[in-house]
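Student: Listed here are the chains, written in short residue letters.
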Amino acid sequence: MNTNTKSGEAGSRARAMVLAAGRGLALAVVSLPLSVLGFCLSLVSMALIPIGVGALTTPYVVRGVRLWADRRRALAEKWGGVRIPSAYRPLPETANPWKRTYALLRDPATWRDLRWLQVDMTAGFVSALLPAVLFLYPLEGFAVAGGLWRVLADGGTYWYGFVPVTGQPSALGAAATAVVLLAAAYRLTPRLLLAHFRLTRAVLAPGRTELAERVRVLTETRRDAVDTSAAELRRIERDLHDGAQARLVAMGMDLGTVEMLVDKNPEKAKELLAQARRSSAEALSELRDLVRGIHPPVLAERGLGDAVRALALRLPVTTEVNVELGGGRLQAPVESAAYFAVSEMLTNAVKHSGADRIWVDLHHEADRLRISVTDNGGGGAVAGAGSGLAGVERRLGTFDGVLAVSSPAGGPTMVTMEIPCVLS
Amino acid sequence: MRVVLAEDLFLLRDGLVRLLEAYDFEIAAAVESGPELERALTELEPDVAVVDVRLPPTHTDEGLQCALRARGRRPGLPVLVLSQHVEQLYARELLADGTGGIGYLLKDRVFDAEQFVDAVRRVAAGGTAMDPQVIQQLLARRSGDGRGPVDRLTPREREVMELMAQGRSNAAIAGKLVVTERAVAKHTANIFVKLGLEVSDDDNRRVLAVLAYLDRDR
Numbered sequence: 020m021n022t023n024t025k026s027g028e029a030g031s032r033a034r035a036m037v038l039a040a041g042r043g044l045a046l047a048v049v050s051l052p053l054s055v056l057g058f059c060l061s062l063v064s065m066a067l068i069p070i071g072v073g074a075l076t077t078p079y080v081v082r083g084v085r086l087w088a089d090r091r092r093a094l095a096e097k098w099g100g101v102r103i104p105s106a107y108r109p110l111p112e113t114a115n116p117w118k119r120t121y122a123l124l125r126d127p128a129t130w131r132d133l134r135w136l137q138v139d140m141t142a143g144f145v146s147a148l149l150p151a152v153l154f155l156y157p158l159e160g161f162a163v164a165g166g167l168w169r170v171l172a173d174g175g176t177y178w179y180g181f182v183p184v185t186g187q188p189s190a191l192g193a194a195a196t197a198v199v200l201l202a203a204a205y206r207l208t209p210r211l212l213l214a215h216f217r218l219t220r221a222v223l224a225p226g227r228t229e230l231a232e233r234v235r236v237l238t239e240t241r242r243d244a245v246d247t248s249a250a251e252l253r254r255i256e257r258d259l260h261d262g263a264q265a266r267l268v269a270m271g272m273d274l275g276t277v278e279m280l281v282d283k284n285p286e287k288a289k290e291l292l293a294q295a296r297r298s299s300a301e302a303l304s305e306l307r308d309l310v311r312g313i314h315p316p317v318l319a320e321r322g323l324g325d326a327v328r329a330l331a332l333r334l335p336v337t338t339e340v341n342v343e344l345g346g347g348r349l350q351a352p353v354e355s356a357a358y359f360a361v362s363e364m365l366t367n368a369v370k371h372s373g374a375d376r377i378w379v380d381l382h383h384e385a386d387r388l389r390i391s392v393t394d395n396g397g398g399g400a401v402a403g404a405g406s407g408l409a410g411v412e413r414r415l416g417t418f419d420g421v422l423a424v425s426s427p428a429g430g431p432t433m434v435t436m437e438i439p440c441v442l443s
Numbered sequence: 056m057r058v059v060l061a062e063d064l065f066l067l068r069d070g071l072v073r074l075l076e077a078y079d080f081e082i083a084a085a086v087e088s089g090p091e092l093e094r095a096l097t098e099l100e101p102d103v104a105v106v107d108v109r110l111p112p113t114h115t116d117e118g119l120q121c122a123l124r125a126r127g128r129r130p131g132l133p134v135l136v137l138s139q140h141v142e143q144l145y146a147r148e149l150l151a152d153g154t155g156g157i158g159y160l161l162k163d164r165v166f167d168a169e170q171f172v173d174a175v176r177r178v179a180a181g182g183t184a185m186d187p188q189v190i191q192q193l194l195a196r197r198s199g200d201g202r203g204p205v206d207r208l209t210p211r212e213r214e215v216m217e218l219m220a221q222g223r224s225n226a227a228i229a230g231k232l233v234v235t236e237r238a239v240a241k242h243t244a245n246i247f248v249k250l251g252l253e254v255s256d257d258d259n260r261r262v263l264a265v266l267a268y269l270d271r272d273r
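These protein sequences, in sequence, are chains A and D.
Quick note: the first sequence uses the working numbering, first residue 20, plus one each step.
Quick note: the second sequence uses the working numbering, first residue 56, plus one each step.
The shape of chain D in the complex, shown without the other chains (with noise of 0.2 Å):
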């Protein structure tokens, strides 16, 4: 599978092309600034690209930036945003168009290497990877008022919904809390009833959908 790696800071870059290599990714390029990974976005179309949200030469957002104009131009690109914080605001932008195949993760997840190849690959695949913080301010949010449906879930359905919102199979669900997958599907239809969510086979919907509700009213 052929990277794209946008990161400015020298150490966290080789880093990651290391892991990354480690894990049997082909690395297309490694690059350090906006300009240079539009260029490789454009001309070396990869399968998926890890971006860092800041990047020279302005060190605001043009990572992210990019990322959004690449999809624009080639719709569906996965790309995996990865930002020393996280917020509500830029992964409204990243999901706006729907297509999936977005990933947003604080940077501190690569500290788990399994886990952040495991959100490298559910990308590649078209599917989400959200970071838990974004999941848990939405969720906080939702709950302010304390008569929301979320309210009503069980600890168990929250657990399995912030799980889900981050883009999680069943299977995987299932191994994460060592339950059964039957139990995890059987606490998926109950959250989807709950929430009054069309039930969906397809993961990448099915986390789209979850979003959808926790966004709405904004």
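Next up, chain A with everything else stripped away, as it sits in the complex (with noise of 0.2 Å):
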């Protein structure tokens, strides 16, 4: 065997020792202080609910816990290549602190993180120490060896492991020790942080009931994606079979007739021609809606802010858009439906509220496209069964998209709309 591969192998796996030692170490003296206080914290918080304090801070401290516990998940991919799912429920964006709390509460994965946080701050602790013992031991072991002993011993006894050193004969049998232990340290301590990493994902991980539950709403988006785009081809079908199909039709025929007519009766014959040239016109005209009934041209031609100038300048109310995309485009199929979505809010906007002013807000941030509609009017808008909302609802949530209406009586009305996407 080629011995320079042997101990390149040797070198690269005390590297991966040392590695494994030094992040496990950092983890525990990083994770156990932090876990603790997430746990108090998240106590106290809840506790407090029923006197209405906790309503206010829980929201943050649920974050805070989200956040330090995205931060482990991040670790434990690129540590130990370990990938724990998240199973959180988008925040609801509603002013109320109540709603939230409530929202936050119903949660299963705020209860799997207090759950987390307890095994974190003892079991994990634990499981994250044990590397850097297992390196760091056996260096303690060689010093003790080295003349450490005279030191620690001190004249009485020093146990070094399950070894007593009186003298520097039993501090050698120390040493001795400590070589065993840096060998299975050697072989071990990667594979104990991998360990800490499987510990945590067994009890951050979403449980079956939870995927159960994401399996059920994706079916369920699935199929209102498919009916909603099978009933939209119906009606395109339709469209072209009644509108444009039918003009071009009686276009030809009486162009036929025109053909007959030219010699014998060139009056009659102009005539049908100048009937033909309408019904072309016509037939463009019902396609040019279509069209702008499946795909509007402008959104083609330069993505979802302008095609929302563009339809905020053909609204009878004075509408200001606000658009900060970062100059990217997003995905069509998310494009085409916060668009169609915008389109619907503002149409209600126009018809039942009264308002005679609206803003539109398009933001995109940290992959998720935001979307606020608002306008000054009469408020009372619902979301929910029946309403125009519902609809877009049903759209956005193929994109596990959410939408949150605040409209009390008497105005003013805000829409909200959130899209996970990313810019291209």
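Do not rely on the hints blindly, as some may be mistaken.
[To be verified] The calculated SDA-like cross-link candidates involving lysine to any residue, where the alpha carbons are at most 20 Å apart (straight line), are:
| id | chain 1 | residue 1 | chain 2 | residue 2 |
| --- | --- | --- | --- | --- |
| 1 | A | 289 | D | 166 |
| 2 | A | 289 | D | 167 |
| 3 | A | 289 | D | 165 |
| 4 | D | 231 | A | 304 |
| 5 | D | 162 | A | 296 |
| 6 | D | 162 | A | 314 |
| 7 | A | 287 | A | 297 |
| 8 | D | 162 | A | 304 |
Calculated from the structure, these hints are not laboratory results.
Using the hints, put the two chains back together into the complex; each one sits in its own frame.
Tutor: Here it is as structure tokens:
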């Protein structure tokens, strides 16, 4: 065998051992206080909910805990290659702290985080510290053999593991033990750190019921999406069949008649020609409307920002559009869904709110598209069954998007939509 | 008059070439993509450009962007933009520099060859040719609250204003509405008073003033 490879392999394993020990130590030192802090704050905050203070603080505390858990998820993937899925429900975008707190407490992920904090500050701490101990303890053994026993034993007995160190010979025994331990560390340290990450995953990963719930939601939104697009195709087919197609047929017939009449009755032929031209213009305008309903031209040409601006220009109500999309384009299906959602919101606002001013805000940040449509009208809009908002909500659901409505009687109405997506 | 033509659909390009040649225009170049148009506009220095909004290679608004860039290099370069649809957003971008020599029409308008050629000539002469659809959208918006000055116009005055906003001269409006030119002049004077616009003899400035008025509060 090639000795070079062997020594290279040994070198990289030794590096892996030192690295795992260092990372384990860092994890243990940082995670213990933070997990204890997170757990205590959560307990205190939830205990204070009945007197109201907790409703204000809980969303922040839960958010902090989630950030910490997400950080640990990232570390587990980076250092151990262990992927821990996260299944937090999106935070409700409502100004009411009670509703937010309630939604958070209903999310099983919140309770799983609390369980994880307890495990992390005990078993997690130990399992992270173990690789470091396994690497550092043999080093102490060598130091003891090297002369440190004189200080530590100081006339009495110093126990290094199971070896009572009283003099140089027994100190050498400690060194022998240390060699064995180091050999063990050489093999075990990276695996121990991996075990820590696996433990984290066992507690922090969403359970089967949640995955089942996720599958249910996906199945439902997929069915909605398929239904919607099938209905859309039927509508397009019908529009083409009854509109443009019929007009073109009529035009063909008129032209046929013209061909026959052109010598015998030029006057009548001219009349029919004019009619054919009108038919063609009408067919074109019908096709144009149809295209606008499928994929608006400005959306295709310029993207969501300008498409919404163009939409605003056609409204009878003064509409201010504010776009911050960083110059990028969204994926086509998301762009289209977002456009039609905004279009529906604006139509609603114009028809029902009695507003004389509308503000649209498009904003992309941290892989989320956030759209808010605000009007200064009478308010009283409700999301839910029967309203146009429900349809929009279903459509957004296909992209895991959410919709929130704030519309107190007397106004103003603010509809916020959020869709996870990336810019290209 | 030398024309540069940009249209990616062969049938339409061919038809436009024949149409324009029939009306004694000289086709300096008939191109089918954005980069070719860019080159033709800088090298051939045409008297007027007829440009489709959507052109290869991007198939987005390449033609419009090319036209705007060319006008940036050569202010007032007459450009007639054709499109399958008309949007106020694009109309505003084209009119933004306020120099005239701009047209923005639906492709369907070529059905009426006379009117289309008239629009090309008007644009080439530094005037404007806005599609009636753009004007109607603007008017529909302005009168949305039912109290705007546009609503104080009589139906006839509205007709006159629509034609004026498209860029037509008093003579053309008179011909179209079958009235005398003096009647049209009287109507336009009334319109200017009701809309609070400055009276101007220059056809192009007159159009821009109307459009600027319709477009305010935006």
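Student: Are the hints correct? Go through all of them and say.
Tutor: Going down the list of hints, with the structure as the test:
With a CA separation close to 15 Å, the supplied pair residue 289 (chain A) and residue 166 (chain D) stays within the 20 Å bound. A distance of roughly 15 Å separates the Cα atoms of residue 289 (chain A) and residue 167 (chain D); the hinted pair therefore holds under the 20 Å criterion. A C-alpha spacing of about 19 Å is found between residue 289 (chain A) and residue 165 (chain D), which places the hinted pair at or below 20 Å, so the restraint holds. Only pairs whose Cα atoms come within 20 Å are accepted, and residue 231 (chain D) paired with residue 304 (chain A) is rejected, the gap being roughly 23 Å.
Using a Cα cut-off of 20 Å, the hinted pair residue 162 (chain D) and residue 296 (chain A) holds, with the two alpha carbons roughly 14 Å apart. Straight-line distance between C-alpha atoms of residue 162 (chain D) and residue 314 (chain A) comes to about 19 Å, which keeps the hinted pair within the 20 Å bound. A threshold of 20 Å between alpha carbons decides the hint, and for residue 287 (chain A) with residue 297 (chain A) the separation of about 15 Å falls inside it, so the pair holds. For a cut-off of 20 Å, the pair hint linking residue 162 (chain D) to residue 304 (chain A) stands: about 11 Å separates their Cα positions.
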